[in-house]
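Protein sequence lines correspond, in order, to chains A and B.
The numbering used here numbers the first residue of the first sequence as 1 and each following residue consecutively.
The numbering used here numbers the first residue of the second sequence as 1 and each following residue consecutively.
These aren't lab readings, by the way, just hints derived from the structure by calculation.
Hints are not guaranteed to be accurate.
Any copy will do: because identical chains look the same in the list, a pair fits if it lies in one copy or spans two.
[To be verified] Calculated pairs, SDA-like style, for lysine to any residue (alpha carbon to alpha carbon, straight line, at most 25 Å): (1) LYS158 x GLY42; (2) LYS35 x GLU160; (3) LYS64 x GLY49; (4) LYS193 x THR127; (5) LYS193 x MET119; (6) LYS193 x ASP123; (7) LYS193 x GLY60; (8) LYS83 x THR197; (9) LYS83 x VAL34; (10) LYS64 x ALA43; (11) LYS193 x GLY75; (12) LYS35 x SER63; (13) LYS83 x GLU145; (14) LYS64 x LEU53; (15) LYS64 x GLY199; (16) LYS83 x LEU53; (17) LYS29 x GLN196; (18) LYS193 x PHE80; (19) LYS193 x ALA106; (20) LYS83 x ARG32; (21) LYS64 x ALA47; (22) LYS29 x SER70; (23) LYS193 x GLN159; (24) LYS64 x MET50; (25) LYS64 x ASP186; (26) LYS46 x ASP123; (27) LYS46 x SER63; (28) LYS35 x LEU131; (29) LYS158 x ARG33.
There are 2 protein chains.
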Amino acid sequence: MSEPITFYFDFSSPYSYLASERIDELAAKYDRRVKWRPVMLGAAFKASGMPLLVTIPLKGEYSKRDFDRSARFMGIPYKFPPKFPLSSLAAARAYYWLHGQDCARAREFAHAVFRAYWMDGRDISETPVVLAIAGALGLEVGACETAIATPEIKERVKQETDSAIAQGMFGAPYFMVDGEPFWGADRLPQIEKWLQTGGF
Amino acid sequence: MSEPITFYFDFSSPYSYLASERIDELAAKYDRRVKWRPVMLGAAFKASGMPLLVTIPLKGEYSKRDFDRSARFMGIPYKFPPKFPLSSLAAARAYYWLHGQDCARAREFAHAVFRAYWMDGRDISETPVVLAIAGALGLEVGACETAIATPEIKERVKQETDSAIAQGMFGAPYFMVDGEPFWGADRLPQIEKWLQTGGF
Numbered sequence: 001m002s003e004p005i006t007f008y009f010d011f012s013s014p015y016s017y018l019a020s021e022r023i024d025e026l027a028a029k030y031d032r033r034v035k036w037r038p039v040m041l042g043a044a045f046k047a048s049g050m051p052l053l054v055t056i057p058l059k060g061e062y063s064k065r066d067f068d069r070s071a072r073f074m075g076i077p078y079k080f081p082p083k084f085p086l087s088s089l090a091a092a093r094a095y096y097w098l099h100g101q102d103c104a105r106a107r108e109f110a111h112a113v114f115r116a117y118w119m120d121g122r123d124i125s126e127t128p129v130v131l132a133i134a135g136a137l138g139l140e141v142g143a144c145e146t147a148i149a150t151p152e153i154k155e156r157v158k159q160e161t162d163s164a165i166a167q168g169m170f171g172a173p174y175f176m177v178d179g180e181p182f183w184g185a186d187r188l189p190q191i192e193k194w195l196q197t198g199g200f
Numbered sequence: 001m002s003e004p005i006t007f008y009f010d011f012s013s014p015y016s017y018l019a020s021e022r023i024d025e026l027a028a029k030y031d032r033r034v035k036w037r038p039v040m041l042g043a044a045f046k047a048s049g050m051p052l053l054v055t056i057p058l059k060g061e062y063s064k065r066d067f068d069r070s071a072r073f074m075g076i077p078y079k080f081p082p083k084f085p086l087s088s089l090a091a092a093r094a095y096y097w098l099h100g101q102d103c104a105r106a107r108e109f110a111h112a113v114f115r116a117y118w119m120d121g122r123d124i125s126e127t128p129v130v131l132a133i134a135g136a137l138g139l140e141v142g143a144c145e146t147a148i149a150t151p152e153i154k155e156r157v158k159q160e161t162d163s164a165i166a167q168g169m170f171g172a173p174y175f176m177v178d179g180e181p182f183w184g185a186d187r188l189p190q191i192e193k194w195l196q197t198g199g200f
């Protein structure tokens, strides 16, 4: 098995959600694993000097239409949430805590957070909502709540975000495949060709 | 035959060039024609407040890699030109003059301008270069030179650009398909599905 793919994402990013529903299956076809790494996209926007997509004149309006149409195109249930944008910090912290315990459960949790926000419109910026999602998966809610307030976990989110930016991340989803960066859910076909051919 | 697709582009935009090599063939599969409309992308950037893509920190560097990789992915010859960005105004004016005479020749000319810039690296911002491209196609160079200095032709470029922005254009290529806007060469698969299904 070759090197894993790194999947940088922000739970609050619609295209990250779309990619999250397809990347594992795509990678598995080519015998690859995927490392999931939630990051704070706001820091990347700061590094690149870019405003939030939906606030850009003309482009912002188009984008909302494109989120929705891209979801239909990919066959993924999707609904623009009532609260947007929002901070995904508590969810990212909970992810890294879980990840330190059990990678597979962390993956399940990440899917549950994405779907809670992008299918059910829940406010994942609220710690109680994040804890409820964890609880529904049978995870230890008390331990999670304690963990996400620790300096180690807070630092981890920062480190992963810095590392992604150091690798050129300016938006999400952002994938690193054998040293090659790919940005956007719409680059999954190029990633597939890359995996198929060993680079093109 | 249903309504034609409108293809707004700027000769100086790499993704417009990539789209220009595929859109007619794609449309023809579904019995559609394509109206080619060169515009001034700088005006759209001004309307949306966006800087030139390649100048954006992180995103700019990624973009150059993505231009090249997207060309390879689509199987289209491509070479980043020595002069970039540049003004495509003379070429756009020449296009509309030709278009008033003969649509098919104008299409040929548009392909020749795109390829002169994106394959051969010629400086299409220079009127003599544009005229040489026209001349190589057997067009009347003298008449072209006179025409592109007329107020009517200058005004036409402005009108088409304003019309594109009024329809939401903020980047190129920008397509209008049955009232639905699509932005980017990477949306050709969505356009194909749209044409196939009559909207999805």
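Against the structure, the hints:
1. When the C-alpha separation of LYS158 and GLY42 is checked against a cutoff of 25 Å, the pair qualifies only within one copy, where the shortest distance is 12 Å, while the shortest distance between copies is 37 Å.
2. In this assembly of identical chains, LYS35 and GLU160 lie within 25 Å of each other by CA distance solely inside one copy; the values are 12 Å within and 47 Å between copies.
3. In this assembly of identical chains, LYS64 and GLY49 lie within 25 Å of each other by CA distance both inside one copy and across copies; the values are 21 Å within and 18 Å between.
4. Proximity of LYS193 and THR127 under a CA criterion of 25 Å is satisfied in neither setting, with 39 Å inside one chain copy and 40 Å between copies.
5. Taking the closest pair of Cα atoms, LYS193 and MET119 come within 25 Å of each other only across two copies (24 Å); inside a single copy the shortest separation is 29 Å, beyond that limit.
6. With identical chains, the CA atoms of LYS193 and ASP123 are never at most 25 Å apart, being 36 Å at best within one copy and 33 Å at best between copies.
7. Proximity of LYS193 to GLY60 under the C-alpha cut-off of 25 Å is restricted to the inter-copy arrangement: shortest distance 23 Å between copies versus 30 Å within a copy.
8. With identical chains, the CA atoms of LYS83 and THR197 are never at most 25 Å apart, being 41 Å at best within one copy and 32 Å at best between copies.
9. Taking the shortest alpha-carbon separations for LYS83 and VAL34, neither the intra-copy value of 29 Å nor the inter-copy value of 39 Å comes in at or below 25 Å.
10. With identical chains, the CA atoms of LYS64 and ALA43 are at most 25 Å apart both within one copy (22 Å) and between copies (22 Å).
11. Within a single copy, LYS193 and GLY75 get their C-alpha atoms as close as 21 Å, and across copies as close as 12 Å, so both meet the 25 Å cut-off.
12. In this homomeric assembly, LYS35 and SER63 come within 25 Å of each other (Cα to Cα) only across copies, at 24 Å, whereas the closest approach inside a single copy is 27 Å.
13. When the C-alpha separation of LYS83 and GLU145 is checked against a cutoff of 25 Å, the pair qualifies only within one copy, where the shortest distance is 23 Å, while the shortest distance between copies is 56 Å.
14. In this assembly of identical chains, LYS64 and LEU53 lie within 25 Å of each other by CA distance both inside one copy and across copies; the values are 9 Å within and 21 Å between.
15. In the homo-oligomer, the alpha carbons of LYS64 and GLY199 lie at most 25 Å apart only across protomers (17 Å), although the nearest pairing inside one protomer, at 32 Å, exceeds that limit.
16. Proximity of LYS83 to LEU53 under the C-alpha cut-off of 25 Å is restricted to the intra-copy arrangement: shortest distance 15 Å within a copy versus 29 Å between copies.
17. For the homomeric pair LYS29 and GLN196, the shortest alpha-carbon distance inside one copy (9 Å) is at most 25 Å, but the shortest distance between copies (28 Å) is not.
18. Taking CA atoms no more than 25 Å apart as the test, LYS193 paired with PHE80 passes between copies only; the shortest distance there is 22 Å, against 30 Å inside one copy.
19. In the homo-oligomer, the alpha carbons of LYS193 and ALA106 never lie at most 25 Å apart, since the shortest distance is 28 Å inside one protomer and 35 Å across protomers.
20. In this homomeric assembly, LYS83 and ARG32 never come within 25 Å of each other (Cα to Cα): the closest approach is 35 Å inside a single copy and 40 Å across copies.
21. Taking identical chains as interchangeable, the C-alpha atoms of LYS64 and ALA47 lie at most 25 Å apart whether they share a chain (24 Å) or sit on different chains (18 Å).
22. Taking identical chains as interchangeable, the C-alpha atoms of LYS29 and SER70 lie at most 25 Å apart whether they share a chain (22 Å) or sit on different chains (22 Å).
23. Proximity of LYS193 to GLN159 under the C-alpha cut-off of 25 Å is found in neither arrangement, the shortest distances being 31 Å within a copy and 41 Å between copies.
24. When the C-alpha separation of LYS64 and MET50 is checked against a cutoff of 25 Å, the pair qualifies both within a copy, at 17 Å, and between copies, at 18 Å.
25. For the homomeric pair LYS64 and ASP186, the shortest alpha-carbon distances inside one copy (15 Å) and between copies (17 Å) are both at most 25 Å.
26. Taking CA atoms no more than 25 Å apart as the test, LYS46 paired with ASP123 passes inside one copy only; the shortest distance there is 24 Å, against 35 Å between copies.
27. In this assembly of identical chains, LYS46 and SER63 lie within 25 Å of each other by CA distance both inside one copy and across copies; the values are 20 Å within and 18 Å between.
28. Proximity of LYS35 to LEU131 under the C-alpha cut-off of 25 Å is restricted to the intra-copy arrangement: shortest distance 23 Å within a copy versus 54 Å between copies.
29. Taking the shortest alpha-carbon separations for LYS158 and ARG33, only the intra-copy value of 24 Å comes in at or below 25 Å, while the best inter-copy value is 51 Å.
Violated hints, listed in ascending order, are 4, 6, 8, 9, 19, 20 and 23; each of the other numbered hints is respected by the structure.
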